[in-house]
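Enquirer: Residue numbers (our numbering), protein chains in the order written: chain A, 503 to 593; chain B, 334 to 468.
Hints are computed from structural coordinates only; laboratory data are not their basis. The model shown is predicted, which means the values in this text are computed figures rather than measured ones. Glycine included, every Cβ here is placed at the ideal spot set by N, Cα and C. Hints are not guaranteed to be accurate.
Claimed, not checked - Partner residues are not named here, just some residues of chain A that face chain B (Cβ under 10 Å, in silico):
1. Asp552
2. Phe558
3. Leu587
Stated by the list, open to error - If you want a taste of the chain B side facing chain A, the calculated C-beta under 7 Å gives, among others:
4. His353
5. Pro432
6. Phe449
Unchecked claim - Covered by chain B, per the in silico footprint, the following chain A stretches (three or more residues, Cβ under 8 Å):
7. 559-569
8. 574-582
What follows is each chain in one-letter form.
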Amino acid sequence: MAIEARIPTILRTYTAGEKAVEGNGLTLAEFFVDLDSRHAGLRDRLVGEDGSLNRFVNVYLNDEDVRFLGGPETPLSDGDVVTILPAVAGG
Amino acid sequence: MLRISQQLYDEIVAHARRDHPDEACGVLAGPAGSDRPARFVPMLNAERSPTFYRFDSMEQFQVWKEMDARDEEPIVIYHSHTATEARPSRTDVSLASEPGAHYVLVSTREPDETEFRSFRILAGEVTEEPVEIIE
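The following block holds chain B by itself, in its conformation from the complex (with noise of 0.2 Å):
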């Protein structure tokens, strides 16, 4: 289950929308341990594509540092898709690299409707789970 605050929820769905039709992406960031997002970290889609994502190597080396001074982790992994399902696809699968992360789908194929849907990725197996709005 992804337990989410409904402003790091709308933050996501926002950050989808402003980069559509290119895709999003970013991660949400929390205390190493505690499976609870706490802090929005959109990151720039080096691809800048509308069929495939990638975080900026340097700009994820600056992320995951601060993150281990922080001891945080990444709690969550988003990306959107921008003519899709919110689905992972065979790629998002094959290229998942953080296994206890939550990865996060969003499609913004509909003008008037974000969908966002909450998977973890294991060993090449996906799972979807619940999404959870907490306060």
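Only chain A is shown next, with the shape it has when bound in the complex (with noise of 0.2 Å):
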């Protein structure tokens, strides 16, 4: 199984400068597990210690938030494209 993560530019120092990377997983949070075995750090951007998923962080399955999917259980299939923005915010 082969899932595609679209990594914004502030995380690509995670993966050697890659702006796409592949990873396996049955659910978002495998998912990200399985990229931070090859790209140490990279899960800590993206979910707290509990495994939920960073406020300030946008997460998309093909073309839906995934905050109004599963959220970190929410199931990947072979071919899907994960894209990961960084929340454009302040005060």
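Put the two chains together into one complex; each comes in its own frame, and the hints tell you how they fit.
Expert: Structural data, given as structure tokens:
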């Protein structure tokens, strides 16, 4: 199974500059663990200690925000594209 | 230095005034690597707040996808402060996520005058830069 992760500029320090990397996982949570095994530190930017998604990072499965799917438990399939975009926010 | 056309400058200011007292926010897209803002992309402030802003996640997804398809990047990320000065707040600095962008702050705290300033925010460090109006 191959799932593509599209990596935003600010997180490419974890992927040696690559803007897309591949991984595996039945759920988003598993996918992030798998990515982290090859790109150490990436997972900590995406999820908190309790496994919930970082509030200020948007994650999309194909064309949908995973907050409206299953969050970290969102099931993944072969060929899916997971896009990561840090939120643009401030005060 | 931020080089920006009078038209794009005016569009940002008008947007900030229109949304006052809520914070306004948006992007100036431009050709990747050019450092030249070319396209005005006002964004919805999903927080609709006088003290906080956040791009709507699906709108951001569409805009970022479109920029990618057009070989553009966000040259400027702008937002307004409605009661404080045109300077990045601690929150602005901690959440800045586009290292290559110019961060434009506009203040609408005074009714007759709009402050417009530009900054680079890199790894938690803020540096103000001059703004040059070009044509």
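Enquirer: A separate judgement is required for each hint: does it hold in the structure or not?
Expert: For each hint, the structure was consulted:
1. Asp552: Not OK, violated: A/Asp552 not within 10 Å of chain B, min 21 Å.
2. Phe558: holds (6 Å)
3. Leu587: holds (6 Å)
4. His353: Hint on B/His353: violated, closest Cβ of chain A at ~16 Å, above 7 Å.
5. Pro432: holds (6 Å)
6. Phe449: Since the shortest Cβ distance to chain A is 16 Å, the answer is violated.
7. 559-569: holds (count 5)
8. 574-582: violated (count 0)
The structure shown violates the earlier hints numbered 1, 4, 6 and 8.
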